[in-house]
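Chains A and B, in that order, are what the protein sequence lines are.
Taken in order, the first sequence gives residues 1 to 91; the numbers are from the numbering used here.
Taken in order, the second sequence gives residues 1 to 244; the numbers are from the numbering used here.
Worth double-checking, as some hints may not be accurate.
[To be verified] Within a straight-line C-alpha distance of at most 20 Å, the following computed SDA-like cross-link-like pairs (lysine to any residue) qualify:
| id | chain 1 | residue 1 | chain 2 | residue 2 |
| --- | --- | --- | --- | --- |
| 1 | A | K80 | A | L18 |
| 2 | B | K21 | A | P23 |
| 3 | B | K21 | A | P38 |
| 4 | B | K111 | B | T61 |
| 5 | B | K16 | A | G16 |
| 6 | A | K54 | B | D49 |
| 7 | A | K22 | A | A72 |
| 8 | A | K22 | B | M1 |
| 9 | A | K22 | B | K21 |
| 10 | A | K22 | B | V29 |
| 11 | A | K54 | B | D57 |
| 12 | A | K22 | B | A28 |
| 13 | B | K47 | A | A72 |
| 14 | A | K37 | B | K111 |
| 15 | B | K163 | B | P152 |
| 16 | A | K37 | B | H176 |
| 17 | A | K54 | A | G16 |
| 18 | A | K54 | B | T61 |
| 19 | A | K37 | B | T61 |
| 20 | A | K37 | A | G62 |
| 21 | A | K65 | B | T61 |
| 22 | A | K37 | B | S19 |
| 23 | A | K22 | B | S13 |
| 24 | A | K37 | B | R45 |
| 25 | B | K47 | B | A28 |
| 26 | A | K65 | B | N167 |
| 27 | B | K21 | A | A19 |
| 28 | A | K65 | A | D77 |
| 29 | A | K54 | B | L56 |
| 30 | B | K163 | B | L192 |
| 31 | A | K37 | B | S13 |
Hint data in this document are derived by calculation from the structure and do not stem from the laboratory.
Owing to the predicted nature of the structure, the values given are computational and were not obtained by experimental measurement.
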Amino acid sequence: MNVWSPFPGGGRAQIGRLAPRKPSLAGLTIGVLDNSKPNAGVLLHRVAELLAQKTGAAGVRGWRKPGASRPAEMIDDIAKSAHVVLTGSAD
Amino acid sequence: MPAVVLGTDAFLSLAKATSAKHGLPHLAVALVPHPLGGVAPDTARAKADAILDEVLDGLTTDPAPPVSTASAGPTLVESPEDLDAFQVWAMEQEWSDGLPVLPPTEVRVAKILGRRAADEAIATLAPLDGRATLHAIAVNAALAGAGPEHLPVIVAAIRAVAKPEFNLNAIQCTTHPCTPLVIVNGPIAARLGVAGGPNALGNGHRVAVGAAARRARFSEVREHGDRLRLRGSPQRQRPRLDGR
């Protein structure tokens, strides 16, 4: 017999374009957006510190969302203040 | 600006699904072994070394452009005729949340829809912005064993959970076993036989309404599904309203 699939498809977004990657992180500011999940900031900042050491980045700047499911209202500030950003995480 | 998402490997499917929803299936995701929460900070910090090169690569190398995934729209598929065989098949297809389901045949879905416009969009459901059309809701209602008389309540429940202030995304994506409770008020509750008054949360003979709303609510989380619920909940079966 024929039945309707409960997975009808639709709604999938068009493929967007990612921002061009940087040739190198030397001299750049690495942003960290901590979503406030347990240990997210610990891991993100550690990765950022190691990256800065390895690549000669200018420094690391951090932001923290008030809750993982809350929107990142500081996103414009991050865009103005950092060149690349690390974010996450699921715990 | 170039961004890389860090997470634990248990959440890969959610990270991929969410980035795809935003049209960026090629967004770099770097994974550390689960879990991060509940471990000592030093343990979390020690996970950084293993992903350093991957993160650097994600920030400095443009990924290959992904292939666009076209949406199919409502699809008819061939299923076993025999009801018991259908049941086994539906479980294999992951159409069932573990509860018995009834075949969403063209006739049954058309009966639930009545004269309503099948392509009417009722809501957009988190996390993947699946379009909850009346047709998609009716298919899920048919699977759950609901009838045409239940459709208005199911539609109202879907509209309610899709309101931004409800924050359905958080409920859909969390490992917590929470799940929405649908409270039906007014004469329609008695007319449909929705359990109420004493023993309201006990046995009731019209679980189809909740089952259908629950099924429809979960949008396209089939891959992510409820595998992440740490302990799960009997109220939280896996429903269907896929956006893919």
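Quick rundown of the hints versus the structure:
1. K80/A / L18/A: Satisfied, since the Cα-Cα distance of roughly 17 Å is no more than 20 Å.
2. K21/B / P23/A: 28 Å, violated
3. K21/B / P38/A: 25 Å, violated
4. K111/B / T61/B: 54 Å, violated
5. K16/B / G16/A: OK: K16/B and G16/A at ~14 Å, within 20 Å.
6. K54/A / D49/B: 11 Å, holds
7. K22/A / A72/A: 23 Å, violated
8. K22/A / M1/B: 9 Å, holds
9. K22/A / K21/B: Violated. K22/A to K21/B sits at ~25 Å, over the 20 Å cutoff.
10. K22/A / V29/B: 17 Å, holds
11. K54/A / D57/B: With Cα atoms ~13 Å apart, K54/A and D57/B stay inside 20 Å; holds.
12. K22/A / A28/B: 14 Å, holds
13. K47/B / A72/A: Roughly 25 Å separates the two Cα atoms, so the pair is violated.
14. K37/A / K111/B: 46 Å, violated
15. K163/B / P152/B: 17 Å, holds
16. K37/A / H176/B: Holds - the C-alpha atoms of H176/B and K37/A are around 13 Å apart, at most 20 Å.
17. K54/A / G16/A: Violated, at roughly 31 Å.
18. K54/A / T61/B: Answer holds: K54/A to T61/B is near 16 Å, not above 20 Å.
19. K37/A / T61/B: 28 Å, violated
20. K37/A / G62/A: Cα-Cα ~14 Å, so holds.
21. K65/A / T61/B: 27 Å, violated
22. K37/A / S19/B: 19 Å, holds
23. K22/A / S13/B: 27 Å, violated
24. K37/A / R45/B: Holds - the C-alpha atoms of R45/B and K37/A are around 14 Å apart, at most 20 Å.
25. K47/B / A28/B: Given pair K47/B, A28/B holds - Cα atoms ~18 Å apart, limit 20 Å.
26. K65/A / N167/B: This hinted pair holds, its Cα atoms lying about 16 Å apart.
27. K21/B / A19/A: 17 Å, holds
28. K65/A / D77/A: Holds: K65/A and D77/A sit about 13 Å apart, inside 20 Å.
29. K54/A / L56/B: Distance of about 10 Å is within 20 Å: holds.
30. K163/B / L192/B: 25 Å, violated
31. K37/A / S13/B: The given pair, whose Cα atoms are some 18 Å apart, holds under the 20 Å limit.
Checked against the numbered hints above, the structure breaks hints 2, 3, 4, 7, 9, 13, 14, 17, 19, 21, 23 and 30 and satisfies the rest.
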